[in-house]
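Asks: Each chain, written out:
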Amino acid sequence: MKKKIIISLFLIVVAMTGNTQEKSGFGFYTDRDVYVSGETLFAKIFTPEDNPARIVYLDLVNHYGVRVTGVSLEIKSNQANGFIQLPDSLGSGNYMARAYLKNTSGKLKILREVWISNRFDGLEKTSQLRRVTGLEKNQDKITEQIEIEYLETTYQTNSNIGAVIKIEETLLNEIDGNLLVSLAQTEPSFDAASFIWSSDQGKDGITENKGIILSGTVNDRKTLEPAAGITVYLTIPDSVPGFQYYQTRKDGRFYFLLEDYFGAVQAVVQCFGITPTQRLKITLDGLFADAGTLPEFSQQPIPEEFKHNISRNIDVLTFRKIFSQDKFKLEQVAIKQKEISPYYGNPTRTVDPQLFIDLPDFTEISRELLPGVKWRNYNNEPTLQVINNNMHNYFAENPLILIDGIPIRDLNVIKDMGTADIDRVEICQYERYYGDLRFPGVVAIYTTKTDYSLLPTSDQLIRMDLETIQLKAITSENVISESNIPDLRQLIYWNPLAEPKSTIFIKCNTSAIAGQFKLIVRGRLKNGTLIFAEKQFEVK
Amino acid sequence: MNIRIILLIILFHAAGFATTVFAQEPLNPNWDAEKIKGTRYIPYPIYEGVPFLNDSWLPGKIEFASGEIADSLYLRYSSFKDEILYYNKALTTQIVIDKASLNGFSFTEKDGINRVFRRLYFDGFMKGERYFEVLSDGETDLLAYRKVNLITVSPYKDQQNILKNLSYSQNYLYYFYSPEKGYSSVRMNLGALLSKFDKVSQKTIKKLLRKNRIKITDEFSFIYAWKLVEKEGFALIF
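Just so you know, the sequences run in chain order A and B.
With my numbering, the residue at position 50 of the first sequence is 50, and numbering never jumps.
With my numbering, the residue at position 21 of the second sequence is 1021, and numbering never jumps.
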């Protein structure tokens, strides 16, 4: 009998552990631990191999649990790298940089403690350091199979560094992905660490195996209940507009996949009621995970050395800002051309009103310049119809009307548009299909301003600036062209994608900053073990 | 006691299943898939002959220009207009898929034969994008352009007793195609095949076909012969 009970208990334990997330191989590193607001934080993340997600999120949360900023990074070969521009307005204090995948964000995040000092206040308003306590550190294993050679213990400022990283053959075969090689100033009085933060409080999102997923809910404004059967549109205006739609189910939820978008894009999410009187409200989900609960902190007095170094760092950054030494290039991504022609089809005709005499409104424009477009405005209730060339009659329904690629239904928006407002009008005089959507003709108006100011803002239309997958930074070594300007870099070398080879040569220059520096090599083995080797030196 | 333990385990798993499965509604099928773009199919005028390669809807798949594949579709290829139609069940409409949005398509005949079509730019007479059926895929492809033309014929009366003088007529064209060398048209006979090789190779090819008892009489025997010749590594002259 005892045996059976033990077996049953064992089965329950197995079932429970089966639901927990595999933690091995999840690593998160930053270039430094101590920053000044306005600086750039560079990061490298090793993501769990068993997670098919293509996107990893990196954000910054203050000790009150408020998310300050964040970016989404593309995972390639189970690793990602990127940067966060620390806002100038950040107050001095301890912050948590978090790395997580949307589909496991509720249960697992990697936190990294960083210190950020305000560039203008310094430590005036800060009396104590808050440090994370009671959490298990994400332990990396130091390896002796990586040797850092020819790195001296002291260097002069503005001198050449030539180091060699030697990796044993047995280890080379075990390394998974690329190595991170970093050479940066260290802060001995603030030794930060990464922590595994497991909690069951948050809600896991959908697996983003193709790209960022934008999601939300549509509610009926009258009943406040989720609205089913509503078609939600996502438009990303561009020279060839991107367009997606989703029909909500009983839960009112909708999802859009942003697969091949990089950097900042403008997006419009909108929906229309099933009946003209139905009023709806779109609520978008946050792109990032909730701040949720934070680990416990303990108060510590600020060491004098730390205070001194912070004020030095602030001076350094101010100088770097004045001489624009903080700029770096962004890698250009070869974006896959998805749309060759607009989703609404190739226009039957394109009319440029600027080529004709000035006309005051759309009534005149349609009458004079748009054959096959019937615009009527009886009793201030405008209607628009497009001829069906194939059937030689007018469509009974309103066509798809677009302003700068964004669908609209309220014709009052366009009725006052004259020659001065319209760049061109594209008309499709045939029945068009996009997935399960049918468009009885299309009238696409492209405005001269292209600022989307004509779009009626409401609960049914959300216009937003979306930060999609971050473009990679090219962190080549700074070259100070003018000899009279001091080189004040604290990050001397950063290569998050170093190819594992038996010999890796590192060549760089020290800056005008004196202090303790460290060359660190980090990597991950195929069994998930995170390894590192480091060597410290002093710049005098 | 045993039953209690088993019940406990079942309860535990059921609770886990309920929280994961019924947490929210499942997503719409193919919600993140590329959408098919097209226009409504306008029926062709009725004449003698068939404007379609396959008159009934056949199960098949399409490959978008992005490389994404959409399957479980019912397709019909119009040889007359060189366009592919699909039947949209939700809209109960026949839709002509935008040619520019596709790399190609394939469908399976009732007898189980899979027919593959590829969109290629034809730079010969009547330049433009065309769907070619891939008869043989290799370093040099053997392609068929399944064209149906509307030709003038002797007047006839159709089923409605209307007098007509037009008819749909098959005019299939065959090409050897290599991305580097382009197209080389060929007819489905032995002479045409041999003319694509140098004099020395011609003799050997003749011997090879004879040895394998291949007599080129139609499209199928030509494909078989070409596959054999290609396997032997003879260089084709474009």
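A couple of the hints might just be wrong.
[Said to hold, decoys possible] Here are the simulated DSS-like cross-link-like pairs (lysine-lysine), alpha carbons at most 30 Å apart as the crow flies:
1) A:210 with B:1089
2) A:210 with B:1099
3) A:250 with B:1035
Just so you know, the hints here were simulated from the structure itself, not pulled from any lab data.
The structure displayed is predicted, hence computed values, not measured ones.
Asks: It remains to establish, for every hint, whether it holds in the given structure.
Replies: Against the structure, the hints come out as follows:
no., hint, result
1, A:210 with B:1089, "27 Å, holds"
2, A:210 with B:1099, "25 Å, holds"
3, A:250 with B:1035, "23 Å, holds"
Of the hints listed earlier, there is not a single one the structure fails to meet.
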